[in-house]
Amino acid sequence: MASLVGQKAPAFKLDACLKGEFKQVSLEDYKGKWLVVAFYPLDFTFV
Amino acid sequence: MIGVSIDSKFSHKAWMESPRAKGGIGGLTIPLLADLNKTMSRDYGVLLEGPGIALRGTFFIDGDGVVQAEAVNNTAIGRDGDDILRTLLAAQESKKGVVCPMNWKKGRDAINPKEAAKYFEKNAK
Chain A
1 MASLVGQKAP AFKLDACLKG EFKQVSLEDY KGKWLVVAFY PLDFTFV
Chain B
1 MIGVSIDSKF SHKAWMESPR AKGGIGGLTI PLLADLNKTM SRDYGVLLEG PGIALRGTFF
61 IDGDGVVQAE AVNNTAIGRD GDDILRTLLA AQESKKGVVC PMNWKKGRDA INPKEAAKYF
121 EKNAK
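The listed protein sequences correspond, in order, to chains A and B. Residue 1 is where the first sequence starts when you use this note's numbering, and the numbers rise one by one after that. Residue 1 is where the second sequence starts when you use this note's numbering, and the numbers rise one by one after that.
If you are wondering where the hints come from, they were derived from the structure by calculation, not from laboratory data.
For lysine-lysine, the following DSS-like pairs were computed, each having C-alpha atoms within a straight-line distance of at most 30 Å:
#1 B/K106 / A/K8
#2 B/K118 / B/K95
#3 A/K13 / B/K38
#4 B/K114 / A/K8
#5 B/K96 / A/K31
#6 B/K106 / A/K31
#7 A/K23 / A/K33
#8 B/K106 / A/K33
#9 B/K106 / B/K122
#10 A/K31 / B/K38
#11 A/K33 / B/K105
#12 A/K31 / B/K105
#13 B/K22 / A/K19
#14 A/K31 / B/K95
#15 B/K38 / A/K23
#16 A/K19 / B/K38
With the rest of the complex left out, here is chain A (with noise of 0.2 Å):
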């Protein structure tokens, strides 16, 4: 898989929970900010 260092990151929109409530969460509510995505396996499992 190729790098995806120095290329728009892809776009995503999605639904998602925050502290008990669900929204939904997009890569356009963080223009202008600086974004750390970490992706896991699977909830339940050792982080």
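Based on these hints, arrange chain B on the given structure of chain A.
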């Protein structure tokens, strides 16, 4: 910072409400995204197509939406918070037109490419 897995938002909620002593992540203050159709994991190149789950990929995206750094660990290799912070700070510093050398930490000199000789004179051991 945001977390992403292929679990549903309901699973995320349950996990976020489980105490840490029970394997939960109670008190987490970042959103967890539900990549149920696995499109985002695939788009970022971290989806394991066989088991259908994502590797531990970390992506540092600047304010213009450009990826400035990435790191991908196999599923059994957890990340290091200090390392993530260091990469983020170095990526931010690099936006000032400087180069963050090996072992750079926040507060240390970065290299101005136009005056690299000055850096080496000052920092060479």
